[in-house]
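Please model the complete structure; the sequences and the hints are all you need to start from.
Heads up: the sequence shown begins at 184 in this note's numbering, then just goes up one per residue.
Think of the hints as simulated: they come from the structure by calculation, not from any bench.
Hints are not guaranteed to be accurate.
Estimated spans, in silico, between C-beta atoms of each pair [to be verified]:
no., residue 1, residue 2, range
1, Glu285, Ala203, 26 to 32 Å
2, Ile201, Glu444, 31 to 37 Å
3, Ser449, Gly278, 33 to 39 Å
4, Arg317, Leu391, 32 to 38 Å
5, Glu247, Asp452, 42 to 48 Å
6, Arg441, Leu262, 23 to 29 Å
7, Glu247, Arg441, 43 to 49 Å
8, Tyr284, Gly216, 18 to 24 Å
9, Gln336, Thr188, 15 to 21 Å
10, Ala390, Leu457, 50 to 56 Å
Glycine residues also receive a C-beta, built at the ideal position from the N, C-alpha and C atoms.
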Amino acid sequence: MDRFTTEPSSNLCYTQEILAEYRFGGYHPVSLGDTFADGRYEVVHKLGWGGFSTVWLARNTRDEEWVALKICKAETDSLGEISTLRTLQGSPASGFVAKLYESFVHDGPNGSHLCIVTEFLGPSLKHILADYDRGGDRLAPEDTLRLSRQLLQATAAVHEAGVAHGDINGGNIVFTTSRLASLSKEEIFEIVGEPETAQLLRKDGSALGRKLPKQLVGRMKWIAWIDEGEEDIRLIDWGESFAFDSPPRRLAQPADWRVPETIFTSQIDYRVDLWRVGIVAKSLGPVHGRGARAGAGAAGIHDASTDQASPDGQNLGAGGIGALSPPKAPKRHKLVVHAER
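Given below as C-alpha coordinates:
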(Lines of atoms letter the chains of each structure in order from A; the text may use other names.)
(Lines give C-alpha, C1' and ligand atoms only; values in the text may rest on other atoms or scores of the structure.)
Protein backbone atom coordinates (compact mmCIF):
# COMPACT_ATOMS: atom_id res chain seq x y z
CA MET A 184 0.00 0.00 0.00
CA ASP A 185 3.03 2.29 0.25
CA ARG A 186 2.96 2.32 -3.55
CA PHE A 187 -0.41 4.06 -3.63
CA THR A 188 -1.91 7.41 -2.75
CA THR A 189 -5.31 9.03 -3.22
CA GLU A 190 -6.73 12.23 -4.63
CA PRO A 191 -7.95 13.95 -2.54
CA SER A 192 -5.64 12.77 0.24
CA SER A 193 -7.36 10.26 2.55
CA ASN A 194 -6.69 7.17 4.65
CA LEU A 195 -8.97 4.95 2.57
CA CYS A 196 -5.96 2.90 1.42
CA TYR A 197 -5.59 1.70 5.01
CA THR A 198 -9.14 1.55 6.40
CA GLN A 199 -10.90 -0.48 3.70
CA GLU A 200 -10.32 -3.88 2.09
CA ILE A 201 -6.71 -4.85 1.39
CA LEU A 202 -5.61 -3.49 -1.99
CA ALA A 203 -3.31 -6.46 -2.56
CA GLU A 204 -6.44 -8.62 -2.85
CA TYR A 205 -7.36 -6.82 -6.07
CA ARG A 206 -5.64 -9.43 -8.21
CA PHE A 207 -6.64 -12.28 -10.45
CA GLY A 208 -8.83 -14.52 -8.30
CA GLY A 209 -9.45 -11.71 -5.81
CA TYR A 210 -11.90 -8.84 -5.42
CA HIS A 211 -13.72 -7.28 -8.35
CA PRO A 212 -12.92 -3.54 -8.73
CA VAL A 213 -16.09 -1.49 -8.16
CA SER A 214 -16.81 2.23 -8.47
CA LEU A 215 -20.00 4.07 -7.54
CA GLY A 216 -22.36 4.09 -10.50
CA ASP A 217 -21.21 0.72 -11.84
CA THR A 218 -24.03 -1.54 -13.01
CA PHE A 219 -24.46 -5.31 -12.93
CA ALA A 220 -26.77 -7.91 -14.46
CA ASP A 221 -27.28 -6.01 -17.73
CA GLY A 222 -27.85 -2.72 -15.95
CA ARG A 223 -30.39 -3.99 -13.44
CA TYR A 224 -28.35 -3.13 -10.33
CA GLU A 225 -26.62 0.24 -9.91
CA VAL A 226 -24.09 0.64 -7.08
CA VAL A 227 -24.69 3.73 -4.90
CA HIS A 228 -22.78 3.09 -1.63
CA LYS A 229 -20.62 0.53 0.14
CA LEU A 230 -22.08 -1.60 2.92
CA GLY A 231 -18.82 -3.30 3.87
CA TRP A 232 -16.38 -6.05 3.02
CA GLY A 233 -14.94 -9.29 4.33
CA GLY A 234 -12.08 -11.62 3.57
CA PHE A 235 -13.99 -13.15 0.67
CA SER A 236 -16.24 -10.41 -0.72
CA THR A 237 -17.24 -6.77 -0.91
CA VAL A 238 -20.87 -5.77 -0.28
CA TRP A 239 -22.64 -2.80 -1.84
CA LEU A 240 -25.91 -0.93 -1.58
CA ALA A 241 -27.45 -1.05 -5.03
CA ARG A 242 -30.64 0.13 -6.65
CA ASN A 243 -32.74 -2.39 -8.53
CA THR A 244 -33.60 -0.14 -11.45
CA ARG A 245 -36.37 -2.43 -12.71
CA ASP A 246 -38.28 -2.93 -9.48
CA GLU A 247 -37.24 0.39 -7.91
CA GLU A 248 -36.04 -1.10 -4.63
CA TRP A 249 -32.86 -1.12 -2.55
CA VAL A 250 -30.81 -4.33 -2.37
CA ALA A 251 -27.50 -5.56 -1.02
CA LEU A 252 -25.11 -6.78 -3.72
CA LYS A 253 -22.42 -9.16 -2.45
CA ILE A 254 -19.58 -9.64 -4.94
CA CYS A 255 -17.44 -12.64 -4.02
CA LYS A 256 -13.78 -13.08 -4.83
CA ALA A 257 -13.32 -14.98 -8.06
CA GLU A 258 -11.45 -17.78 -6.29
CA THR A 259 -14.12 -18.16 -3.60
CA ASP A 260 -16.68 -20.96 -3.86
CA SER A 261 -19.85 -19.45 -2.37
CA LEU A 262 -22.36 -21.84 -3.91
CA GLY A 263 -22.75 -23.48 -0.52
CA GLU A 264 -23.87 -20.16 0.97
CA ILE A 265 -26.55 -19.79 -1.70
CA SER A 266 -27.71 -23.36 -1.11
CA THR A 267 -27.96 -22.68 2.62
CA LEU A 268 -29.98 -19.50 2.08
CA ARG A 269 -32.38 -21.34 -0.20
CA THR A 270 -32.79 -24.13 2.33
CA LEU A 271 -33.52 -21.67 5.13
CA GLN A 272 -35.96 -19.62 3.07
CA GLY A 273 -38.11 -22.69 2.69
CA SER A 274 -38.18 -23.26 6.45
CA PRO A 275 -39.43 -21.54 9.64
CA ALA A 276 -36.03 -19.81 9.75
CA SER A 277 -36.96 -17.63 6.76
CA GLY A 278 -37.97 -14.76 9.04
CA PHE A 279 -34.51 -14.62 10.59
CA VAL A 280 -32.27 -14.53 7.51
CA ALA A 281 -31.78 -12.08 4.65
CA LYS A 282 -34.15 -12.60 1.74
CA LEU A 283 -32.30 -14.02 -1.26
CA TYR A 284 -33.46 -12.39 -4.49
CA GLU A 285 -31.10 -13.88 -7.05
CA SER A 286 -27.51 -14.77 -7.88
CA PHE A 287 -25.48 -14.42 -11.05
CA VAL A 288 -21.89 -14.50 -12.30
CA HIS A 289 -20.10 -11.32 -13.34
CA ASP A 290 -16.96 -11.50 -15.46
CA GLY A 291 -14.27 -8.93 -14.71
CA PRO A 292 -10.52 -8.35 -14.98
CA ASN A 293 -9.86 -10.52 -11.92
CA GLY A 294 -11.98 -13.45 -13.02
CA SER A 295 -15.58 -14.62 -12.75
CA HIS A 296 -17.31 -13.47 -9.58
CA LEU A 297 -20.42 -14.94 -7.99
CA CYS A 298 -22.79 -12.10 -7.08
CA ILE A 299 -25.51 -12.60 -4.46
CA VAL A 300 -28.45 -10.18 -4.28
CA THR A 301 -30.33 -9.98 -0.98
CA GLU A 302 -32.55 -7.53 0.84
CA PHE A 303 -30.97 -4.31 2.10
CA LEU A 304 -30.27 -4.67 5.82
CA GLY A 305 -29.01 -2.19 8.39
CA PRO A 306 -26.02 -1.80 10.69
CA SER A 307 -24.60 -4.72 12.61
CA LEU A 308 -25.14 -5.29 16.31
CA LYS A 309 -21.38 -4.87 16.70
CA HIS A 310 -21.59 -1.39 15.17
CA ILE A 311 -24.52 -0.33 17.35
CA LEU A 312 -22.94 -1.50 20.61
CA ALA A 313 -19.69 0.24 19.71
CA ASP A 314 -21.70 3.41 19.10
CA TYR A 315 -23.31 3.12 22.53
CA ASP A 316 -19.93 2.39 24.06
CA ARG A 317 -18.37 5.54 22.64
CA GLY A 318 -21.15 7.60 24.22
CA GLY A 319 -20.92 5.81 27.56
CA ASP A 320 -24.40 4.34 27.07
CA ARG A 321 -25.87 0.87 26.76
CA LEU A 322 -29.00 -0.75 25.42
CA ALA A 323 -32.18 -0.35 27.44
CA PRO A 324 -33.12 -3.55 29.34
CA GLU A 325 -36.22 -4.08 27.19
CA ASP A 326 -34.10 -3.97 24.02
CA THR A 327 -31.56 -6.33 25.57
CA LEU A 328 -34.35 -8.80 26.29
CA ARG A 329 -35.96 -8.43 22.88
CA LEU A 330 -32.74 -8.84 20.91
CA SER A 331 -31.57 -11.77 23.04
CA ARG A 332 -34.92 -13.46 22.52
CA GLN A 333 -34.80 -12.91 18.77
CA LEU A 334 -31.26 -14.27 18.57
CA LEU A 335 -32.28 -17.40 20.46
CA GLN A 336 -35.36 -17.82 18.26
CA ALA A 337 -33.28 -17.35 15.12
CA THR A 338 -30.72 -19.93 16.21
CA ALA A 339 -33.41 -22.43 17.17
CA ALA A 340 -35.19 -21.99 13.84
CA VAL A 341 -31.97 -22.41 11.86
CA HIS A 342 -31.13 -25.55 13.83
CA GLU A 343 -34.63 -26.89 13.25
CA ALA A 344 -33.84 -26.70 9.54
CA GLY A 345 -30.78 -28.88 10.14
CA VAL A 346 -28.28 -26.07 9.59
CA ALA A 347 -25.61 -24.57 11.85
CA HIS A 348 -24.47 -21.00 11.17
CA GLY A 349 -20.89 -21.61 12.31
CA ASP A 350 -19.92 -17.96 12.76
CA ILE A 351 -22.45 -16.16 14.96
CA ASN A 352 -21.00 -12.88 16.21
CA GLY A 353 -22.04 -9.26 16.49
CA GLY A 354 -20.79 -8.49 13.00
CA ASN A 355 -23.06 -11.14 11.47
CA ILE A 356 -26.19 -9.97 13.28
CA VAL A 357 -27.78 -7.01 11.52
CA PHE A 358 -30.94 -4.96 11.82
CA THR A 359 -33.80 -4.74 9.35
CA THR A 360 -34.41 -1.46 7.51
CA SER A 361 -38.18 -1.30 7.12
CA ARG A 362 -38.24 2.49 7.44
CA LEU A 363 -35.60 2.96 4.76
CA ALA A 364 -37.22 0.87 2.03
CA SER A 365 -39.24 3.71 0.51
CA LEU A 366 -36.64 6.47 0.89
CA SER A 367 -34.77 8.19 -1.91
CA LYS A 368 -31.00 7.97 -2.28
CA GLU A 369 -30.60 11.44 -0.79
CA GLU A 370 -32.77 10.54 2.21
CA ILE A 371 -30.82 7.33 2.80
CA PHE A 372 -27.56 9.26 2.67
CA GLU A 373 -28.87 11.50 5.48
CA ILE A 374 -28.98 8.36 7.65
CA VAL A 375 -25.96 6.36 6.51
CA GLY A 376 -23.72 9.27 5.50
CA GLU A 377 -22.59 10.46 2.09
CA PRO A 378 -20.13 8.08 0.41
CA GLU A 379 -16.51 8.95 1.15
CA THR A 380 -14.58 8.50 -2.08
CA ALA A 381 -11.08 9.13 -3.42
CA GLN A 382 -9.30 8.41 -6.68
CA LEU A 383 -6.64 5.71 -6.35
CA LEU A 384 -3.24 6.62 -7.82
CA ARG A 385 0.20 5.04 -8.00
CA LYS A 386 2.90 7.16 -6.39
CA ASP A 387 5.22 6.63 -9.34
CA GLY A 388 2.62 7.99 -11.75
CA SER A 389 2.20 4.75 -13.68
CA ALA A 390 -1.20 3.44 -14.76
CA LEU A 391 -3.24 1.45 -12.24
CA GLY A 392 -4.19 -1.32 -14.61
CA ARG A 393 -7.59 -3.00 -14.83
CA LYS A 394 -7.29 -5.19 -11.74
CA LEU A 395 -7.38 -2.29 -9.25
CA PRO A 396 -10.36 -0.03 -8.49
CA LYS A 397 -10.11 3.47 -9.90
CA GLN A 398 -12.06 4.75 -6.92
CA LEU A 399 -11.84 3.85 -3.22
CA VAL A 400 -15.12 4.00 -1.30
CA GLY A 401 -15.55 4.14 2.47
CA ARG A 402 -18.21 1.93 4.00
CA MET A 403 -21.42 3.30 5.48
CA LYS A 404 -21.14 4.96 8.88
CA TRP A 405 -24.86 4.97 9.79
CA ILE A 406 -24.46 8.45 11.27
CA ALA A 407 -28.16 9.05 11.99
CA TRP A 408 -29.44 5.53 12.66
CA ILE A 409 -31.51 5.28 15.86
CA ASP A 410 -33.92 2.49 14.93
CA GLU A 411 -32.45 -0.44 16.87
CA GLY A 412 -35.34 -0.21 19.34
CA GLU A 413 -37.88 -0.75 16.56
CA GLU A 414 -36.22 -2.98 13.98
CA ASP A 415 -35.67 -6.75 14.18
CA ILE A 416 -32.45 -8.67 13.67
CA ARG A 417 -31.31 -11.02 10.92
CA LEU A 418 -28.41 -13.47 10.67
CA ILE A 419 -26.10 -12.93 7.69
CA ASP A 420 -22.86 -14.36 6.23
CA TRP A 421 -23.38 -18.09 5.86
CA GLY A 422 -19.93 -18.85 4.52
CA GLU A 423 -19.06 -21.05 7.53
CA SER A 424 -22.47 -22.75 7.76
CA PHE A 425 -22.87 -26.51 7.56
CA ALA A 426 -25.55 -29.17 7.65
CA PHE A 427 -25.95 -31.15 10.85
CA ASP A 428 -25.09 -34.38 9.05
CA SER A 429 -21.89 -33.04 7.45
CA PRO A 430 -19.94 -30.95 9.97
CA PRO A 431 -16.59 -29.56 8.83
CA ARG A 432 -13.30 -30.94 10.06
CA ARG A 433 -12.12 -27.40 10.76
CA LEU A 434 -13.88 -24.14 11.49
CA ALA A 435 -12.46 -20.63 11.39
CA GLN A 436 -12.60 -19.35 14.97
CA PRO A 437 -10.97 -16.17 16.28
CA ALA A 438 -9.18 -16.89 19.56
CA ASP A 439 -11.64 -15.07 21.81
CA TRP A 440 -14.66 -16.71 20.14
CA ARG A 441 -13.31 -20.26 20.18
CA VAL A 442 -15.67 -22.89 21.51
CA PRO A 443 -14.00 -24.56 24.54
CA GLU A 444 -14.55 -28.17 23.48
CA THR A 445 -12.88 -27.53 20.11
CA ILE A 446 -9.71 -26.56 21.95
CA PHE A 447 -9.38 -30.04 23.45
CA THR A 448 -11.08 -32.17 20.79
CA SER A 449 -11.56 -32.07 17.03
CA GLN A 450 -15.32 -32.48 17.35
CA ILE A 451 -17.39 -29.78 15.66
CA ASP A 452 -21.18 -29.78 15.55
CA TYR A 453 -24.15 -27.41 15.68
CA ARG A 454 -23.50 -26.59 19.33
CA VAL A 455 -20.75 -24.17 18.34
CA ASP A 456 -23.64 -21.78 17.69
CA LEU A 457 -24.81 -22.05 21.30
CA TRP A 458 -21.48 -20.86 22.69
CA ARG A 459 -21.43 -17.97 20.25
CA VAL A 460 -24.99 -16.96 21.12
CA GLY A 461 -24.05 -16.96 24.79
CA ILE A 462 -21.14 -14.58 24.16
CA VAL A 463 -23.33 -12.20 22.16
CA ALA A 464 -26.14 -12.27 24.72
CA LYS A 465 -23.65 -11.58 27.49
CA SER A 466 -22.24 -8.62 25.58
CA LEU A 467 -25.67 -7.00 25.40
CA GLY A 468 -25.65 -6.44 29.16
CA PRO A 469 -23.73 -3.81 31.13
CA VAL A 470 -20.07 -4.01 32.00
CA HIS A 471 -19.63 -1.47 34.79
CA GLY A 472 -21.72 1.05 32.93
CA ARG A 473 -20.04 0.53 29.58
CA GLY A 474 -21.60 -1.23 26.61
CA ALA A 475 -19.79 -4.43 25.73
CA ARG A 476 -18.82 -5.16 22.17
CA ALA A 477 -20.80 -7.98 20.60
CA GLY A 478 -18.26 -8.25 17.81
CA ALA A 479 -15.33 -8.64 20.16
CA GLY A 480 -15.95 -12.23 21.19
CA ALA A 481 -15.44 -13.30 24.76
CA ALA A 482 -13.64 -10.00 25.20
CA GLY A 483 -17.13 -8.54 25.09
CA ILE A 484 -17.31 -9.29 28.81
CA HIS A 485 -14.09 -7.38 29.39
CA ASP A 486 -13.71 -3.66 29.84
CA ALA A 487 -14.14 -2.18 26.37
CA SER A 488 -11.45 0.47 26.81
CA THR A 489 -8.60 -1.62 28.21
CA ASP A 490 -9.53 -5.13 27.03
CA GLN A 491 -8.55 -6.36 30.48
CA ALA A 492 -10.69 -8.89 32.28
CA SER A 493 -13.30 -7.26 34.50
CA PRO A 494 -15.53 -8.82 37.14
CA ASP A 495 -18.69 -10.23 35.60
CA GLY A 496 -21.63 -7.95 35.06
CA GLN A 497 -25.22 -9.19 35.24
CA ASN A 498 -25.57 -12.70 33.89
CA LEU A 499 -28.31 -14.34 31.88
CA GLY A 500 -29.33 -16.82 34.53
CA ALA A 501 -31.65 -16.30 37.48
CA GLY A 502 -32.00 -12.59 38.08
CA GLY A 503 -30.04 -11.94 34.88
CA ILE A 504 -31.31 -9.73 32.08
CA GLY A 505 -34.56 -9.02 33.83
CA ALA A 506 -32.66 -7.70 36.84
CA LEU A 507 -30.67 -5.07 34.97
CA SER A 508 -30.67 -1.66 36.58
CA PRO A 509 -32.45 1.19 34.74
CA PRO A 510 -30.31 2.74 31.99
CA LYS A 511 -28.76 6.14 32.28
CA ALA A 512 -30.35 9.03 30.46
CA PRO A 513 -29.39 8.26 26.86
CA LYS A 514 -26.75 10.40 25.21
CA ARG A 515 -27.19 8.77 21.82
CA HIS A 516 -29.64 11.30 20.37
CA LYS A 517 -29.36 11.90 16.67
CA LEU A 518 -31.26 14.31 14.46
CA VAL A 519 -33.45 12.48 11.99
CA VAL A 520 -35.17 14.55 9.34
CA HIS A 521 -36.21 11.90 6.85
CA ALA A 522 -39.41 10.54 8.36
CA GLU A 523 -41.85 10.70 11.22
CA ARG A 524 -41.83 8.01 13.85
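Structure-based check of each hint:
no.: 1; hint: Glu285 / Ala203: 26 to 32 Å; result: 31 Å, holds
no.: 2; hint: Ile201 / Glu444: 31 to 37 Å; result: 33 Å, holds
no.: 3; hint: Ser449 / Gly278: 33 to 39 Å; result: 34 Å, holds
no.: 4; hint: Arg317 / Leu391: 32 to 38 Å; result: 36 Å, holds
no.: 5; hint: Glu247 / Asp452: 42 to 48 Å; result: 44 Å, holds
no.: 6; hint: Arg441 / Leu262: 23 to 29 Å; result: 27 Å, holds
no.: 7; hint: Glu247 / Arg441: 43 to 49 Å; result: 45 Å, holds
no.: 8; hint: Tyr284 / Gly216: 18 to 24 Å; result: 21 Å, holds
no.: 9; hint: Gln336 / Thr188: 15 to 21 Å; result: 49 Å, violated
no.: 10; hint: Ala390 / Leu457: 50 to 56 Å; result: 52 Å, holds
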